[in-house]
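Trainee: Using our numbering, the letters of the sequence shown map in sequence onto residues 13 to 164.
Since the hints were made in silico from the structure, they are not lab data. Being a predicted model, the structure only gives us computed values, none of them experimental. Even for Gly, the Cβ is constructed at its ideal location relative to N, Cα and C. Just to be clear, a hint being listed does not mean it is correct.
Simulated DEER-style distance windows between Cβ atoms [stated by the list, open to error]:
#1 78 x 144: 26 to 36 Å
#2 144 x 56: 10 to 20 Å
#3 52 x 122: 38 to 48 Å
#4 140 x 118: 16 to 26 Å
#5 73 x 121: 15 to 25 Å
#6 164 x 122: 51 to 61 Å
In silico lysine-lysine, DSS-like type, Cα no more than 27 Å apart, as pairs [claimed, not checked]:
#7 162 x 99
#8 106 x 77
#9 66 x 81
#10 69 x 43
#11 81 x 69
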Amino acid sequence: MTRIIVQDFVHELPLTHTKTKHMKTAETQKKVYDLHHEHQLWMNHLNFFEDELKIFKHRLEEITKANNKSDVLKMVEHFQNAFIIQKNEIDVLKHLIRLAEQELVAYIDKNPEVADKRKKEDDAVIREKIARFEKLFRQMKEEYMNFVAKVL
Numbered sequence: 013m014t015r016i017i018v019q020d021f022v023h024e025l026p027l028t029h030t031k032t033k034h035m036k037t038a039e040t041q042k043k044v045y046d047l048h049h050e051h052q053l054w055m056n057h058l059n060f061f062e063d064e065l066k067i068f069k070h071r072l073e074e075i076t077k078a079n080n081k082s083d084v085l086k087m088v089e090h091f092q093n094a095f096i097i098q099k100n101e102i103d104v105l106k107h108l109i110r111l112a113e114q115e116l117v118a119y120i121d122k123n124p125e126v127a128d129k130r131k132k133e134d135d136a137v138i139r140e141k142i143a144r145f146e147k148l149f150r151q152m153k154e155e156y157m158n159f160v161a162k163v164l
């Protein structure tokens, strides 16, 4: 099940930053500082997921040392691959957020005197990717926790 989810995930989150064409309206615009705050929040969440992956990897090493049955080792390899893919996606998302932050800085630099009142196009694409990542990460985590509970 996770293999399909992980593969779907890779296809749904391209490695390049693409913008969708949104009409600039009051609903799609946010204050610059609100966007910055949202970027910081996303980065903190991604850092947390990254820390969780480190813990998961460490536990997987313990499982490998304690149990060398072929079916267990097959699942260990499965989760090692899933963790690599998740880490790569975290890196991609962090990169997209850094690019968005650079755009904010350039936007503010144009007229810093009114930066607190300025609005900019919302980062809906990144928000959707973050939400999708979080959903898939939780699914992978649930499957991993079920596996750990069975073998320990």
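Trainee: Hint by hint, say whether it matches the structure.
Mentor: Hints, one by one, checked against the model:
1. 78 x 144: 26 to 36 Å: Roughly 34 Å apart at Cβ, these two residues keep to the hinted range, so it holds.
2. 144 x 56: 10 to 20 Å: With Cβ atoms ~18 Å apart, the hint holds.
3. 52 x 122: 38 to 48 Å: Since residue 52 and residue 122 have Cβ atoms about 22 Å apart, the given range 38 to 48 Å is violated.
4. 140 x 118: 16 to 26 Å: holds, 23 Å
5. 73 x 121: 15 to 25 Å: Distance hint for residue 73, residue 121 is violated at roughly 47 Å.
6. 164 x 122: 51 to 61 Å: holds, 56 Å
7. 162 x 99: holds, 25 Å
8. 106 x 77: Judged against 27 Å, a Cα distance of about 33 Å means the pair is violated.
9. 66 x 81: holds, 23 Å
10. 69 x 43: It is violated: about 39 Å lies between the C-alpha atoms, which goes past 27 Å.
11. 81 x 69: holds, 18 Å
Checked against the numbered hints above, the structure breaks hints 3, 5, 8, 10 and satisfies the rest.
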